[in-house]
Every structure is written in C-alpha cells, then in structure tokens.
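K.L.:
The lines below spell out each chain.
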Amino acid sequence: MSQITDLTLAQLKQALGDGDLSSVEITTAFLDRIDSLNPELNAFITISHEDACKAAADADAARAKGKAPAFAGLPMAHKDLFCTDGTRTTCGSKMLADFVAPYDAHVVSRCQQAGLISLGKLNMDEFAMGSSNENSFFGAVKNPWDLSRVPGGSSGGSAAAVAARMTPLATATDTGGSIRQPAALTGTSGLKPTYGRVSRFGMIAFASSLDQGGLIAHTAEDIALGLGLIAGHDPRDSTSADQAVPDYTATLNDSLKGKIIGLPAQFFDERLDPAMRRSMDDVLDVFRSLGATTVDVSLDHIAEAIPAYYVIAPAEASSNLSRFDGVRFGYRADNPKDLTDLYERSRGEGFGSEVKRRILIGTYALSEGYYDAYYKKAQQIRRLIKQDFEQALSQCDLLFGPTTPSTAFVIGEKTADPVAMYLEDIYTVATNMAGLPGGSFQAPLIDGLPSGYQLTGPAFGEGAILNAAHQIQTATDWHTLRPEGL
Amino acid sequence: MYEAVIGLEVHVQLSTASKIFSGSSTAFGAEPNTQASLVDLGMPGVLPVPNARAFEMAVKFGLAIDAEIGKESVFDRKNYFYPDLPKGYQISQFEKPIVGPGRVTITLDDGTTKTINVTRAHLEEDAGKSVHDAFDGMTGVDLNRAGTPLLEIVSEPELRSAKEAVAYLKVIHSIIRYLDISDGNMAQGSMRCDCNVSIRPKGSEVLGTRTEIKNVNSFRFVEKAINTEIHRQTEILEDGGRVIQETRLYDPDKDETRSMRSKEEANDYRYFPDPDLLPVMIDDSFIEACRNTLPELPEARQARYIKDYGITDYDAGVLVADRDVADYFSEVADTSGEGKLAANWVMGSVLAELNQTGSVIADFPVSARQLADLISRIKDNTLNSKTAKTVFEALLVGEGEVNAIIEAKGLVQMTDTGAIEAIVDEVIQENPDQVANYRSAPSDKQGKMLGFFVGQVMKKSQGKANPQAVNQILNSKLGS
Numbered sequence: 001m002s003q004i005t006d007l008t009l010a011q012l013k014q015a016l017g018d019g020d021l022s023s024v025e026i027t028t029a030f031l032d033r034i035d036s037l038n039p040e041l042n043a044f045i046t047i048s049h050e051d052a053c054k055a056a057a058d059a060d061a062a063r064a065k066g067k068a069p070a071f072a073g074l075p076m077a078h079k080d081l082f083c084t085d086g087t088r089t090t091c092g093s094k095m096l097a098d099f100v101a102p103y104d105a106h107v108v109s110r111c112q113q114a115g116l117i118s119l120g121k122l123n124m125d126e127f128a129m130g131s132s133n134e135n136s137f138f139g140a141v142k143n144p145w146d147l148s149r150v151p152g153g154s155s156g157g158s159a160a161a162v163a164a165r166m167t168p169l170a171t172a173t174d175t176g177g178s179i180r181q182p183a184a185l186t187g188t189s190g191l192k193p194t195y196g197r198v199s200r201f202g203m204i205a206f207a208s209s210l211d212q213g214g215l216i217a218h219t220a221e222d223i224a225l226g227l228g229l230i231a232g233h234d235p236r237d238s239t240s241a242d243q244a245v246p247d248y249t250a251t252l253n254d255s256l257k258g259k260i261i262g263l264p265a266q267f268f269d270e271r272l273d274p275a276m277r278r279s280m281d282d283v284l285d286v287f288r289s290l291g292a293t294t295v296d297v298s299l300d301h302i303a304e305a306i307p308a309y310y311v312i313a314p315a316e317a318s319s320n321l322s323r324f325d326g327v328r329f330g331y332r333a334d335n336p337k338d339l340t341d342l343y344e345r346s347r348g349e350g351f352g353s354e355v356k357r358r359i360l361i362g363t364y365a366l367s368e369g370y371y372d373a374y375y376k377k378a379q380q381i382r383r384l385i386k387q388d389f390e391q392a393l394s395q396c397d398l399l400f401g402p403t404t405p406s407t408a409f410v411i412g413e414k415t416a417d418p419v420a421m422y423l424e425d426i427y428t429v430a431t432n433m434a435g436l437p438g439g440s441f442q443a444p445l446i447d448g449l450p451s452g453y454q455l456t457g458p459a460f461g462e463g464a465i466l467n468a469a470h471q472i473q474t475a476t477d478w479h480t481l482r483p484e485g486l
Numbered sequence: 001m002y003e004a005v006i007g008l009e010v011h012v013q014l015s016t017a018s019k020i021f022s023g024s025s026t027a028f029g030a031e032p033n034t035q036a037s038l039v040d041l042g043m044p045g046v047l048p049v050p051n052a053r054a055f056e057m058a059v060k061f062g063l064a065i066d067a068e069i070g071k072e073s074v075f076d077r078k079n080y081f082y083p084d085l086p087k088g089y090q091i092s093q094f095e096k097p098i099v100g101p102g103r104v105t106i107t108l109d110d111g112t113t114k115t116i117n118v119t120r121a122h123l124e125e126d127a128g129k130s131v132h133d134a135f136d137g138m139t140g141v142d143l144n145r146a147g148t149p150l151l152e153i154v155s156e157p158e159l160r161s162a163k164e165a166v167a168y169l170k171v172i173h174s175i176i177r178y179l180d181i182s183d184g185n186m187a188q189g190s191m192r193c194d195c196n197v198s199i200r201p202k203g204s205e206v207l208g209t210r211t212e213i214k215n216v217n218s219f220r221f222v223e224k225a226i227n228t229e230i231h232r233q234t235e236i237l238e239d240g241g242r243v244i245q246e247t248r249l250y251d252p253d254k255d256e257t258r259s260m261r262s263k264e265e266a267n268d269y270r271y272f273p274d275p276d277l278l279p280v281m282i283d284d285s286f287i288e289a290c291r292n293t294l295p296e297l298p299e300a301r302q303a304r305y306i307k308d309y310g311i312t313d314y315d316a317g318v319l320v321a322d323r324d325v326a327d328y329f330s331e332v333a334d335t336s337g338e339g340k341l342a343a344n345w346v347m348g349s350v351l352a353e354l355n356q357t358g359s360v361i362a363d364f365p366v367s368a369r370q371l372a373d374l375i376s377r378i379k380d381n382t383l384n385s386k387t388a389k390t391v392f393e394a395l396l397v398g399e400g401e402v403n404a405i406i407e408a409k410g411l412v413q414m415t416d417t418g419a420i421e422a423i424v425d426e427v428i429q430e431n432p433d434q435v436a437n438y439r440s441a442p443s444d445k446q447g448k449m450l451g452f453f454v455g456q457v458m459k460k461s462q463g464k465a466n467p468q469a470v471n472q473i474l475n476s477k478l479g480s
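Quick mapping for you: the protein sequence lines, in order, are chains H and U.
Sequential numbering of the first sequence, starting at 1, is according to the numbering used here.
Sequential numbering of the second sequence, starting at 1, is according to the numbering used here.
The set of hints was computed from the structure by calculation and includes no laboratory data.
All values reported here derive from a predicted model rather than from experimental measurement.
Where a beta carbon is used, it is the ideal one built from N, C-alpha and C, also for glycine.
Please note that the accuracy of each hint is not assured.
[Unchecked claim] If you want a taste of the chain U side facing chain H, the calculated C-beta under 10 Å gives, among others: (1) V39; (2) P44; (3) V46; (4) G88; (5) P201; (6) E205; (7) L207; (8) R270; (9) D274; (10) D276; (11) M281; (12) I282; (13) L478.
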C-alpha cells in the first residue's frame, strides 16, 4: 500500500471500512504531514491537533461498536471563512484574527454529522478577495508544485493543502473562480455547485449573490462523496434551493457515449495561449475517444463578464463588510476618541488593501447618481450572460474550456496590477454570474506545472459534471500526478 | 398668508411574536440584549429568513386602506453606519414595497371629510437602541429591538394643518388597532411619526423647502411639533430668510424643534436589492386569505352603529375610533337593548373618566355588563339620572354589582304618587312666597320657576322621586 496521505478520500473510506487503517492512524499521518509542510506552504492558518486526535479516537471507538456514521474518522479541512464553533474563523483578515464564532456553518455541521474530522482551517485571500492567495493577513500560500509560485485564490489554502496531500478533502468557496482557478493551478479537482445548492449559512459573505461553497479534492469521485454531504436545502438560507440531492456517486460511471460537449468560441479564440490550447486538445481527444462529440457554441457577452463582475461583487461586498465596524466583534482600534474615529481606524487598520479597494469600488458603484450607470447596468449584463449560457447549454450537455489563461504565475508578479490579477478569472466569473455549476479538473502538465479544464453544466447539473470528469480520470492519470520534492 | 403642506411617515411595529428576519422574541421591556440572536447581532455568516406573519399583517393593512398590493415584494439594503445598526445596513423596501398607493378618510372639525392619499407602506426591520445612561462615559447598545418588524406608512403631502395631521394619525392608529397588527402604543415606540413640513404662500402650487421632524411619539406632540415648525418657518420667510432642508428634532420640554442634520450631512443610503433575500411573490390566493380575515373596519362599523342603534353620525364616529371602546359600547348596547342610552353613558361617563385618568378601556373598572345592568335599571324606572350617577360612582370604586349597590344605598326610585304628592304638599306649604310669585308670573316664565320646586322635592326625597311624576304633580298643584 502507498503512503496513507497519498490516498484519496474514497480509498481512505474503503481502508477504514475494511479495518485496514484506523482513524487515529489516518489522522496522525495527515497531521504529521501538515506539521512538516505547513511552515513552507502556509496552507493552514489554524491546525486542530488536539480536537482532531480526540475525534479520531472517538471515531475508532464508535466504529468498533458499529455505531459510526458513514464518514466517521475521515479527515478534511475547512476554508477559514466557514464559521466553526470554538475554533477561530479569520477569513484571512486582521479584522477577524481572533474571532471565534459561537456557531457552526451549515457545511461544517453537515460534515461533522457525517463523522468527518476537521484537521484545521485553511488559508485564503482576505475575505475571499483575490486570485493568488497573496492577500492573506496570515501570509501568502505557496504552490506545492513550485514554491516560488502562487496556488491561485481565493481558496489557495484549500487547493495547496490537497495538492500537497495535507488533507484529502477541503471545503472552499467560489465567487468568481475561487475554487476552480486554484484547483487548476495546483493540479486538483474542484467543484463550484449551482448557486443555492449548498447553504451559505455560516459562510462569511463576500458577494452574496455569487458566493457558493464547494469542495477541492484529488478526484471527481471524492467530490461526489463530499457534495452528497453538504448539498441540500437549509431553511436558514433563503437562497438555498429546495431541491432533492441525488446520489452523485451513482452516476459517476455513466457512459459519455452520445454526450455533446460545447466549445464556446470565446474560450478558444486567438488569445488562448498555445500551450494551454494543446492541453485542452489533449483532454478533448479523450472525451471523443469516450464517445462524446463536440459542438461550437457562443457566449456573446462573455467579454463583459469581468467588468460587470467587478461592479456587482464589490457593491455587495461594500455592504456585507459594513458589519465589521469594531463595535461588536473583530478588530477594534485602540483608544478611539469618538465614534467616527472608532469606525475609521478599526476598518482602516483591520482591512487589507485589496479589501479596501473593493469596498471603495462598491461604495462608488452604489452611490446616488452612479447606481444606474454601474450597478443597474451590470445587472443587465448579468441577465444577458445568463441567457447566453441557457442558449449555449440548449445545444450541448456541458460546456468545456480552460479554467485559467495560463499556469501558476510567480508570487508578486501581478500584485502591482490589480486588473491583470482580475483577468485571471476571465474564464470563470461568468459561471457565477449565471449561477451555474462549474468544475475544474486536471489536464496535462505544461512545463511541469498543472493546467486545468473547466466543465460548466446546467443548473443542478453537478452529477453530469462529476460523471464526465470521473470518466476522464478513469481514462487518464493526470489527476494522479503530484508535485515532487515535498 | 401661508399654507402648510404636511406629509407623515408613520412607523408601526408589527405585533408578530418573533422578529422579521430571525426567531427572537419581540416582547417589550426585556433585559438588554437578551432577545438578540446571532442574526440580530449581525454575526459574520448569518442570514435573514423572512417572517410570513409580517407579510400577512402588511397585506391586511394594504387592504384596509384600499391599496394596491405589490405582487413582487423586494427587500433592499439601506446602508449607513450606526452602533445600533448591527449589519451596517437596514433591510427595508425601496423600489418594490408590499403596499402601493391607497387612501384613508379623515373627519375635520367642521364635520366634513377629506381623503388623504397614502403613497406606500413598506416592511423593514427596526434598529436597536443606544443606551446613554447605563455606563459612565460610555454608550451601550441594546439590540433587543433590532429586527422588530416595522411597517412604514408614507402619506402624500396632502395634510394642511397640524389638526389634519393628527386626525390622519388617529385614523391610521384606529386601523392598525382594528386589524390587531400592532399595539399602537406611542409611548413605548410601537408607533412613531416623522413629520415633513413646509409652507408656501396660500394659492401657490409650488412646494416650499421642507424639514423633517423625526420620531415624534404622541398625538399631542405631533400637533405641537408641527405648529411650532410652521411658526418657525413662517417667521423665517417673513424676515426674508430661507428655510433650509434638514432633519429636526422636537423638544417637548421647550416646545421647539432644533436642527439634527442638514441635507449636506445626510447619508447616501446606497440602496440596492438585498442579495440574501429572494423577491417575495404575493399571489392572489394569499391576498384573498388575508381579505377573509379582515375584521369590520371603523368606517363600516360607524355606519352599522348609526343604523342598528339609532345614534348620530358624530356619536358613532366617536365610539368607533378605538376598537376596544367600540367593542365595549356594543356589548353595553346589546346587553341592555338601549343603544342611545348606552351611547350617552359611554361617551359621557366612561370616556370622560378615561380621559381624566389617562387610562384605557381594557383597565376600566366598570365592565360592559355592569353598565348594561345600570342602564336596565334606569329603563325600568328603578333609577333616575341622579341615582344612576351615584351607582356608577360606586361601580367605579368597586362597591359591588348594580342591584347590591341600589339595595345598600336605598336608591330605589320613588314612584308611589301618593308619597310624592305628600312631599309636594310639604314644599308648597313651606314656601308660600315662591308659590305666590309663581302663580302671578306669566306662563312663559313659569317653566323656569318650576325648577326651584322640583329641586326642593328631589332634595326631600333624597333624589329618589321619579322626576316625571314630580313635574306632573307640581304642575297640577301649583296651577290650582
């Protein structure tokens, strides 16, 4: 048997069930690996040694009595914007550096109920704003494939931790690409479900109409296992969908024969990097070999997605982040001289520069006299983008394209140019605008670095995405490649 | 000559058991922050979930003022910073309120009526409260009130005087009490009023610059605040000055308004649809279900009282203004079978007593059944108006039931004409001068002079003689 930490969630589950491994062995193996790698990678903000070990021993005891839930004793880790009762939830910010939520997020309690053990909380761009994980108060996360490069963001900690085998499964969130882009840059699988598929209760909001919780793991199969746990209606989130949750593992092995893969012209135009194009062609060859066909489609308004996104998301963020005012929780400036001083310095000192930039953009976009020109217009574009996707998906089963324009860039390369950074999400934001499910899965390496392909499905089409990705993973070994030298 | 132009924004706390977006209790007067859940505290990650009861209440109000009901009701965020506003925004409704244009009718002093158009009414959450006196040198925040559902009712600027404004406010109060959607208690802040006031030369169509007087909390203060503000603006204009658009506060101790913030200092609220809440679709069946639970409203009840009890338009109007008073009256009238007498007693004695003691009918010591008993005993001639008053006063201080009081005080009316005749004879004998005067007076003066003898007889009978019988006997005996 290979090393414990190399196993997928499905393999670990099997080994635990068969009695080949105990939860204590598994948990200890991952904690040891975290301890040895985290100083370099900085993927974890908080490591829950004690709680995890205790939970592992409890899980083994419960399993011995035959009373363990299905996932009892299997390890995972949470992006540090899912509130965890008793363990701090920082959101990658100085503002919440010492914040301990008095409750568990829906996703966290669902995982707990299934028996999963949390190894700790994962690094991220502050308030999920960023595409490189360089915007964390707790420092940048390194890409396990090349420590001089970024792992992507904002779920950079989740992606890096999975890629480096520090956890087999990580929760993550995606507002404009924050699950898919880091998954692509770290050679992992990541799924952003349909808006409303997973409750946002307890997920610290960035842009409420775009935020969606999801997962990063090694394989589509592992995501299918995890999604079954966290998906479903939650009465505490009015925007969560009251729609039955299928068994995502049941359709993983469906044949792709006759499936139609749509290729949006705008994803394959002359701007696409030739190496990335070759990587995508390799994936498409496998799809065709499995019996799928391709069709050209168009997403006419995709060019407007980034500008519209950078109005809507900051506008919502400017309002969502107003509650961090130094009055009730979080960072509070020392010795405020009056109320205005308390607000200004608590927020001025507590938020990092990217967060402040977006609060300013959003505040401006919503201001009297500008609302119609920016926010309203952006919402109109959003509707057009939604229609584009509906139109395109009426001609095919899934949309296919690269997840990112290129492989992981060097740390510091784009920090001086926010717009260049924003363009990292050029292929991913539109999916959020349309509220559709999207996944990123491993494509061939380019010059030794991972690349990812993206599948976008119709609303609640997570099963179809995972099925297609699983078929590719069954036919190829790109998802088994791992960074060397760790 | 100037004319006032007044519009009111009335905030009504809806009497739902729990808050509009969380499960916390809305009860008044609990220990600070004991009724504030994670949602009310604006904790990171929590989300609002709308309370269907608040929608029901808002729709009922809309139906009661004959308004259009918004089929698609959207919640917006009103963004501003204040310590008692935990999220940094208030969830309110801006573009798509639940209640659209409607109207109410007010009755003016001269008895004429006027229709006041209601622009809209929307649902929103109340803020918490800053507590300035609990900590030395610091301000505390109590979030018990945060998230209490409010219905904000906005009138067109069609009110022309403080009196009209109060009449309008009273109609709104009456409607919310009839609908039982709020306790309407202004002293506790369950109903609060912002008054928009401007003046313009009489006959002018152009609106003057308005000021907004915030959070006035009684009918009397609304009248005084508006009058004070009209006076202030008139003086400014007469001195050749300019009224500044601003928010003002009314100080009842000094009877003056003072500036709170000017338009330049005003917040840009950056309204936008709250992405945490989906638009609420109100369908016809929901509206019809609300309509079916509507109680009889004041106007309809007034018409019915006029018809059923034969009382005047004015009396019926007074009696129906307060739902509890109206219910009390109809119980008295129905139990005693005497509509007119019941109206006289409720308006004369009961309301006078309530006004005097500043109390409400729910706490009134005389039950409707007791008052009905009293009226029955007047009707069967056991009591006359004077003895009835004595019984009523005994009821007020809780001396027991009507018959027991009559018994104990020996108040049974003297209807035995023989006994009355004897007293009359006595009075005639004791007052020979007055009798002579009476007899020599011209007949049109005699009526007035008779009162003296009636008084004497009543005195001698300790008020128990039947007044009609006394009059009749006196007339016949003095006439001879």
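K.L.:
The structure should be examined with respect to each hint, and the outcome stated for every one.
P.N.:
Here's how the hints hold up against the structure:
Taken as an interface hint, V39 (chain U) checks out: its beta carbon lies about 9 Å from the nearest beta carbon of chain H, inside 10 Å. The interface hint given for P44 (chain U) holds, since its Cβ lies 4 Å from the closest Cβ of chain H, which is under the 10 Å cut-off. Checking V46 (chain U) against chain H by beta carbon gives a least distance of about 7 Å; that is within 10 Å, so the hint holds. Interface hint at G88 (chain U): satisfied, since its Cβ lies 2 Å from the closest Cβ of chain H, which is below the 10 Å cut-off.
Checking P201 (chain U) against chain H: minimum C-beta separation of about 31 Å lies over 10 Å; hint violated. Hint status for E205 (chain U) relative to chain H: violated, with the closest Cβ pair at about 27 Å, above 10 Å. Residue-level restraint check for L207 (chain U) is violated (minimum Cβ-Cβ distance to chain H is 21 Å; threshold 10 Å). Hint status for R270 (chain U): holds, given a least beta-carbon distance of 4 Å to chain H, under 10 Å.
Satisfaction of the interface hint for D274 (chain U) is found here, the shortest Cβ-Cβ separation to chain H being roughly 8 Å, below the 10 Å cut-off. Annotation: interface hint on D276 (chain U) holds; nearest CB of chain H at approximately 5 Å, less than 10 Å. With a cut of 10 Å, the hint placing M281 (chain U) at the interface with chain H is violated, because the nearest CB-to-CB distance is about 13 Å. Look at I282 (chain U): its Cβ only gets to about 16 Å from chain H, farther than 10 Å, so that hint breaks.
Hint status for L478 (chain U) relative to chain H: violated, with the closest Cβ pair at about 84 Å, above 10 Å.
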